[in-house]
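Novice: Construct the complete structure from the given sequences, taking the supplied hints into account.
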Amino acid sequence: MDVHRARFVPYPESAISALAFSRSSDTGYTGIPPALRLAIGRSNGNIEIWNPLVGQWAQETICLGDGKNVDGLAWTQDPDEVDSEGSVLPGQQRLFSIASSPAVTEWDLATGEPKRKSTGNFSEVWCFAAQPRSKTSRNAHDEPQWQEIVAGCGDGTLVLLSTADNDLQFKRFLARVAGKRARCMCITYQDRNNVVAGFADSMIRIYDTRNGSLVRQMSLGVALPGAPKNAFAWTVKVLPNGDIVSGDSNGELRIWSGSNFSLIQRLAGHENDCLDLITSADGRTILSGSIDGRMAIYRQSSGNGGQKSWAKSSHRRVHSGEVKAMASFDGKGLSVVVSGGSDSATKLTPLREHGKENLRSLPSLPQEPKVVSAPRARLIASWWGQDVYVWRIARQSIVDSASEMPKSRKLVAKLSLDTRHAIRSVSLSPDGRLLAASTGSEIKVFQLRKRTELETLAVRKIQTPDGFGSLGARLLSFSPDGKWLATVTPDNEVHVARFSGELEQPKRLICLPRVIELERRQRKVAPSTLKEYDRTLVRLAFATDSSVLVAGDVSGHMDSWVLEGHEDITAAAIETTTHDSDRGSSDDSDSDSNDEDTLVLFYGQHWTDNPAGHLLPKLDSAPLVLTFRPSTISANALINGNPGVHSTRQNPHAHSHELPAGHHRLWVMTARHQMYEFDVLAGKLSDWSRRNPTAVLPNDFRTIKDRAVGAVWDTAGQRERVWLYGTTWVFMLNVGADLADANTMALVTTKKRKRASKDDKTQSKQLKPSSGAGDRVIDNLSLSGPDLIQRTDNGQVVEIDMNALDKRHPAAHDELNDADDLAGLQLARLRSSDNTGEHNGQRTWWSTFKYRPILGMVPLENGVHLGGSEDDTLEVAIVERPM
Amino acid sequence: MARTKEEKAASKKRKADDEMVETSKKRRTNLDDTVESSSKIARLEPKSPIVQLPHTPGGTVPEKKEKDEMKKKKRKSEAVEVDEPVVEQPPAESESKPVAAPGAKDVNVAIEIKEPWRVGIKNFDTKTKQQKNHIQKKWRKRVKRDRQAASGSTGSTLQKRDAKRQIKASKGDVAKGITQTSRQAKHRLNLLVHDVRALGPRGLSAVADRQQSSAWSLSSSAGGLFINHDTVFAKDPATGDAVLIAATPHEIQVLSIETSLPLRKFPLKRGISIRSFCLDPTDTENVHIVCDNGLSIVWRWTEAEMRHRALFPSDAQFVTGGLAVDQKHLVVYLRDTEGGAAIWTDEELYVSATRLHGMQVLSEGEYIVAYGPESVVVGKRKELDSNAANYVWVQIPMKTGVTCMDARITRTGGTSKKDKRHAKVSLALGGKSQGEIYLYDDITSVFAQQGQASLPAPRILHWHREAVSAMKFSLDGSYLISGGKETVLVLWQLETGKKQFLPHLTSEIERIVVSPEGDRYAVQMGDNSIMVLSTSELKPVANFAGLQLACPVSGNELTRQDFRLAPAVLHPHNSDQLLIAVPATQPKTATEAAEARPFLQTFDLRAARHITRQALTRNNITDFTIGPEGTAVAPPNLVHIAISHDGQWLATVDEWMPPPSDVAFLSDSADGVLEERLKRREVYLKIWQWDEAQSLWTLSTRVDAPHARAGKQTQGAGKVFVLVSDPVSAGFATVGEDGRVRIWKSKTRVRQSLAMTGGDGIELKEWVCRRTIELPKGGDERADSPAEVVNNDQESLKACLAYSEDASLLAASFTTSTDTTTLVHLIDASTGDIKVTKSGIVNGSLEHLGFLDRYLIAVTQQMVYTWDLVTDHGVHRHLISEGVLHLSINSTDGTFAIVVGSEITVYQPAESQAVYKGDCKKKVAATLVGKGSKGYRLLLEDATVRTLAPSRYALRRALPTATAVEDAPLATLPAIEEAEWAVDVEMTGMLALPPAESTTRGRGPVFEEAEDDRPVVRPEQLASIFDVGQSFALPPVRDMFEAVVGLYGRRPMVQAAA
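Here the protein sequences line up with chains A and B, keeping their order. Numbering follows my numbering, with no gaps: position 547 of the first sequence is 773. Numbering follows my numbering, with no gaps: position 502 of the second sequence is 669.
It is worth saying that the hints were derived from the structure and are not from the lab. Only a predicted model underlies this, so the values are computations on that prediction, with no experimental measurement involved. Hints should not be assumed to be uniformly reliable.
Simulated pairs of lysine-lysine, DSSO-like, Cα-Cα distance not exceeding 30 Å [said to hold, decoys possible]:
#1 K455(A) with K666(B)
#2 K582(A) with K599(B)
#3 K757(A) with K294(A)
#4 K455(A) with K665(B)
#5 K640(A) with K670(A)
#6 K665(B) with K582(A)
#7 K733(A) with K341(A)
#8 K566(B) with K582(A)
#9 K534(A) with K879(B)
#10 K687(A) with K670(A)
#11 K341(A) with K844(A)
#12 K636(A) with K596(A)
#13 K343(A) with K294(A)
#14 K665(B) with K534(A)
#15 K676(A) with K640(A)
#16 K294(A) with K640(A)
#17 K636(A) with K733(A)
#18 K582(A) with K666(B)
#19 K534(A) with K549(B)
#20 K1005(B) with K879(B)
#21 K534(A) with K666(B)
#22 K750(A) with K687(A)
#23 K402(B) with K599(B)
#24 K676(A) with K294(A)
#25 K633(A) with K687(A)
#26 K582(A) with K591(B)
#27 K666(B) with K566(B)
Which stretches of chain A does chain B cover? Using the computed rule of at least three CB atoms under 8 Å from a CB of chain B, they are [claimed, not checked]:
#28 486-499
#29 537-544
By construction, the Cβ of each residue, glycine as well, lies at the ideal position given by its N, Cα and C atoms.
Specialist: Below, the structure written as structure tokens:
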């Protein structure tokens, strides 16, 4: 494989400025707890939604902001509703943000766009907090308790906003603190009624939201010498028992009584400002982060004289920059602190297992590659903000042979879109003639042409049909033959546009004036607290012959469509027909739909639902890699279009219903790193996938924590390899053959739960699931003390395993999905690691971690010899970002 | 009258001593020669003093002599057969004893290398009584003056005190009288027998050596490093004063916090060292001591006289008190077992499979906590209210390593006995690698029922960069005090997490102890000192500092031999004051950074007291000393120290090279890296002036790169091989690797042709290089091969330099390994001309050179050569063993000492036999000679000091410990050791005898005569030698010279007249 290590793409990373979990613990919820998501707000205004997936941490979507720093994030959940059948419908979870403006923004997670803003007669909002959710009342007659939002402003105003009735409205002013230094730095609810707010005048004030009265104010006193005169509270939090914890600009942590608001304890935690802190669900642990990147942990213990007291347990430098924001989730299975700051990396610190587990860093590069390529034209394109950059990568052979060193890469086009919003997606057709870019409200398509004398590209905007250009798209994809452009709108509708050459000037490409919408399958889904968000399409894939289109959504459902008929150049470019009565058997339940009545044919072809689409199962989680295995049999195009299809009186727009021939095998890697391959048109797992379930993946792959970003196929010669990559790794799987031999297969498939033998004890220890951050710390680096102690009593020596205590918390293992398979997997992996990837004389897998954070890996083609000869090696560009 | 038993014994002793007296006579006569010749030199250079008179009340022994004489007279009257060689006499008294004269001439003939010119010389010790009296008066005056000049106020008071003590001792001895001498004789006999048995085939000659050496004696060692053990706070029940009990390997010391002075000492016999000690839990006046050979001793420290009893547990390594079993208190011992350790008291309590280093007993044995490098062992007494020693033990492995530990017990509810089950044991552990302190709030949870046992995660207190060496809880438990390599005492306020610091201590912290009242901290530091701080103000209350000599790091024997030689000098005015280059902290690793010696310590050897410490180079003891590569930043290393004759000027040479890691990128070979380092070497010659007002050395002149590099290298500074001080005027001379000798002199600093003056009107001086003498290269074959020079420039170069006693001559040699002949150049110090170049003095490369009156002493690795400069003949050669060599020359007593490793041999230049041979057991780091005092001061590598002196000198030097040696361990020690002890006892007894006032009656030492014995040589006498006719008819030069010598060397006219 030839690799161009492309480090010239100046993709910017931005700092983390806010973090919020959709809920902080499992307590207080009855039944199935609402979905857990982590929102990460960055300084460029983007909000990333992550799914923790019990420690597997996959980035699901990104809400693109307007470039303003996200100062705060808060989740609320609407009150549960009881439907007519008496079952409880959980309330919707809603995400709010503030961004240095006098407004609180609510985000529509399904579209990834701001939903509404609430602004008023107050200055910029510095901090805000959501009211704790009230206990779900079984009594249907009770007034539903909507959560309120309190916002603290730069002028000392505290504002109450109401989220009632799925709206966001100004309710009233809670207080106005006068004075020059009255800026409200931080705010939180002590309980449903009392609000604790820290101000820049070194005061912490407690207000009663019911009557707006000032309950109490506490002073932090003066600052340390050298600092501004007043210390101020950067953060206040409330412990479960009502006690208030504040972190101030002196780096101190103060704990105030929740009942009489007196100072209980002062702890010197940091040498610099303490910017944020979190508390554990049981209220016995506090973590604070400071401006110098250190995070300190405090634990409660019985001090002198029996009363409980807090003491700093340890600290550790977690970030290279400041720790700007922290959030924690402390529940079953997952007990983790997430922190972020100016070094733009999200760090996961174990909370309950602090000191026993490693820290972990989440990739700061997007999960969806921000790089596309036109392999045949050797172009790669990347985008951020309003700009798209297109480079041409020189051929390796030319670079090698030329006497004077030509530049190995050249920026051949830079497109700055005249839009208000940031670009969400870009696609290049494989021949490099078309480039499509979309924002949340626009889609623009350009034709790229080589200039004769210059190296740069000539860019011509292509007119798109009315309505299509203003749809906006979150995903764009050109089909491999460059004729179709599939788009996913922010509202998760799928549209397809057809491009062809102009009649007079075949070189001049146009978009046919009709764009069709492909209907998604209606599904009965379990009630979700995220409502429409679960339907968000995140991946889009065309089959290599461009005749099948698949889209996958957050919840793991896949929709698929096929292109029926054969291309008939002689046919009209666009034909419209009414509902096709002779589809007969393939007719679905959606016949009453109006849109479905008219059918648009492009050159004799038309898109329709995959007849076997309903057979495709729901994936366990959102797909990360959705790609068709390149089919070796090329569908031979019929020169004569669709033979045997003639217009009749009854059927003036006769069209073929012939399904595309050949295999259309969809290769899927999900967010849980489960591997599937489907035969899409048959609606079933492929034979290969049956033989190679996820369990046969080598252990080296299982231990990779960063999720897969994309895949590149290497099908030259007889090879059938897929190169998977994540931000830190590249992994090759030889999918042409089976990944494991028959014996292992047998082991895996029988899934017998054997008791782990003595030898496997250590193995099982390693495999013990973590609480959401890194793996368990190697023994001698552990800060938590020994695993085994020796007790001698009357000459009797007993060894006591300190970790046996963990058995008291068996819940830790519950949520692990594949816990059942553990024993079987273990054996299988032992085997697979034994043969180090060699199987039947062929390498079945290979991996490397040597690359810097990978933004994307895209294929390039040599273009000289088109045939896939044996010695044709795969050529890719790996776009890296500096650490 | 029948002879008493005593007399029998005495006669026995006399017989044994016969041979020895013979040799002592021989030596005596040689000494006469020495004196004579030196007086000749003196005549040539009249302004220089011939010999420095010892500023001591030298008459102690003569008084004894007198007594002996009287005794003898009595005996003579009784028993005639006991004849003249009765009295064992130090050689110095020869003139005052005409009785001993007869044998002298015969001995003279027996000199190894016969020298014809010498035959004519007569022994001239026949002076009239009147003359003697006259001279004695003068002598006494001189002595007085010298004493006043040399010893400071403290010195003189100390001397007075010592004198008093001497008087007391001598009184006692007089009372004991004859019994004492008889015992000595017995010891001597024992010793001889023992020696003969031990020496076997070597037989009598060895015995003779031994006997010969008995006139010189090695004092017992004083000083030493404090052992790495917690000191103990105690109260003197008699005075109520707070004292501190600390230990060096050889002795336990009771130190008074009020006065910062040692109160009492308990020395152990030689060869064993103290491992651990503690106070008895019930009777705090007893100290339990555990030695490295397993011996256990209880010492009653409160009593002035020593009472102790030996216990015999075997192999105890650590002891701590406080266990109560059955209403009686016990001490707990820790003992090494094979691969592990055992805790035991009356019976064995616990055997651990891992090593344990220390132990702590909490609340009368309710808990016992012990720690080793990898684990902590906690024992909990089983039945809470019973006193039986029945324990449950838990061993907790500590993977992070443990360097130190402190445990503390608190009771959560009240202090009554009932609440014991709520006891909370807090444990602080120092981690091994990165300076973390692990604080376990409560470790009692590990004793919970099976399956319930847990150990909560510790608090991590992390401020120290490197492993913490010591930490303790404060008395109330609200603070943790820790210290380590950072020279900062950190006080952790446990409740709030705040830290307080006591920064910029002068050395690394090694131990911290909190006093039982909690009002004081004792901080033991890496510079061999213990500081007592008050808790409230963190101000020092007392300070006990020892000699800070850099002790070698184990495992560093071969690589850095130069570090074995400590640059040190004695102050010319006060030969008890030692100036020595010391490191900031005792090195623990064999790295350049750890072993560099940037400081100058001034130390009073006599009182064993630290005086001052001063930095002479840049250093980073209180700074961050880790470079970006993680290597420690090395300060410059002081390699040479010299002090001017008047004590006003101090010259030092320091060297520095960048660490290899800094230049490693410039070259790929080890040699290349070394060359790059040499290119960046910094060498400074600094000359310091004594500032009396501030009691500091102030820098007067700094010479950058006093010598160039060898060969054609221009970058970097050359090594300075030797730095010597002009013995008569302010001046220094150096020789460097460029083969040049430079003579440095001061001159008045001039600005605009006016002499600059300081604030008090004193002219400012600056130092310049007055002369540069290029030494000719040794071998011809090397002159035209510069490449070889470059190759050889490191190891092979050697240079020696020495001033003659009158500073008229400078002997220098510069050799390389390729030289076939070793040249010694004699340079006129005033003009800088090379007067003579000699090639035949030695074979092999020279290590040291020195002048001792008319002899030049040259030392190579195999041989010591004594060369008579007057006759230009070799006199003697002595074979010596291989090893690190020192040569030191004492012109006062006319001897020189060669130290090889731990063996010391004293020679007189004219004698073929060594005057003294001895072994100090420990390697010698420096051999020092005080101006005007006899004998040698030996600094041993374990920071102890011993004095080698002709017998009467030994006592005075060794006084601080002499008292201890006298009474203590004699009676109790096992018999095998008795012989060795006996030497000391005998010596001290003998030395303690004569009272100070004896000087009034006693005859002065030999040198007073040398002073006045300038024969008047009239011109016609000279003429009679030279005016013999034509030049061709002159007699041989040798004859003429001898005639001249005969003139100048004869007895003074006055005497002759008398």
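Novice: State for each hint whether it applies.
Specialist: Quick rundown of the hints versus the structure:
1. As the CA atoms of K455(A) and K666(B) are separated by approximately 22 Å, the hinted pair is consistent with the 30 Å bound.
2. With a CA separation close to 19 Å, the supplied pair K582(A) and K599(B) stays within the 30 Å bound.
3. Of the supplied pair hints, the one linking K757(A) and K294(A) holds, its CA atoms being roughly 27 Å apart against a limit of 30 Å.
4. Proximity of K455(A) to K665(B) is assessed by CA-CA distance (about 21 Å); at most 30 Å being required, the pair is judged to hold.
5. The hinted pair formed by K640(A) and K670(A) meets the criterion: a straight-line CA distance of about 14 Å does not exceed 30 Å.
6. Taking the CA atoms of K665(B) and K582(A), the gap is about 26 Å. The hint holds against a cut of 30 Å.
7. Distance check on the hinted pair: K733(A) and K341(A) sit about 42 Å apart at the alpha-carbon level, beyond 30 Å; violated.
8. Proximity of K566(B) to K582(A) is assessed by CA-CA distance (about 13 Å); at most 30 Å being required, the pair is judged to hold.
9. Distance hint between K534(A) and K879(B) is unfulfilled; the C-alpha atoms sit about 76 Å from each other, more than 30 Å.
10. Among the hinted pairs, K687(A) with K670(A) is consistent with the structure: their alpha-carbon atoms are about 7 Å apart, no more than 30 Å.
11. Between K341(A) and K844(A) the CA atoms are separated by roughly 29 Å; this keeps the pair inside 30 Å, and the hint holds.
12. Taking the CA atoms of K636(A) and K596(A), the gap is near 18 Å; set against the 30 Å cutoff, the hint holds.
13. With a CA separation close to 14 Å, the supplied pair K343(A) and K294(A) stays within the 30 Å bound.
14. Restraint check for K665(B) and K534(A): satisfied, since their Cα atoms lie roughly 19 Å apart, inside the 30 Å limit.
15. Distance restraint check for K676(A) and K640(A): the Cα-Cα separation of roughly 14 Å lies within the 30 Å cut-off, and the hinted pair is therefore satisfied.
16. Proposed proximity of K294(A) and K640(A) is supported: the alpha carbons are some 24 Å apart, at most 30 Å.
17. Of the supplied pair hints, the one linking K636(A) and K733(A) holds, its CA atoms being roughly 24 Å apart against a limit of 30 Å.
18. Among the hinted pairs, K582(A) with K666(B) is consistent with the structure: their alpha-carbon atoms are about 27 Å apart, no more than 30 Å.
19. Between K534(A) and K549(B), the direct Cα distance comes to roughly 28 Å. Compliance with the 30 Å bound is thereby established for this hinted pair.
20. Our distance criterion of 30 Å between C-alpha atoms is met by K1005(B) and K879(B), whose separation comes to about 27 Å.
21. Our distance criterion of 30 Å between C-alpha atoms is met by K534(A) and K666(B), whose separation comes to about 22 Å.
22. Straight-line distance between C-alpha atoms of K750(A) and K687(A) comes to about 41 Å, which puts the hinted pair past the 30 Å bound.
23. Annotation: proposed proximity of K402(B) to K599(B) is violated, straight-line Cα distance about 35 Å (limit 30 Å).
24. At roughly 37 Å between alpha-carbon atoms, K676(A) and K294(A) are farther apart than 30 Å, so this suggested pair is violated.
25. Only pairs whose Cα atoms come within 30 Å are accepted, and K633(A) paired with K687(A) is accepted, the gap being roughly 28 Å.
26. With a CA separation close to 25 Å, the supplied pair K582(A) and K591(B) stays within the 30 Å bound.
27. Distance check on the hinted pair: K666(B) and K566(B) sit about 27 Å apart at the alpha-carbon level, within 30 Å; holds.
28. Figure legend: the stretch 486-499 of chain A, annotated as covered by chain B; annotation consistent (5 residues with Cβ-Cβ distances under 8 Å, at least 3 required).
29. Requiring three or more residues with a Cβ within less than 8 Å of a Cβ of chain B, the coverage given for the stretch 537-544 of chain A holds, as 5 such residues are present.
Violated hints, in rising order: 7, 9, 22, 23 and 24; the structure is consistent with all others.
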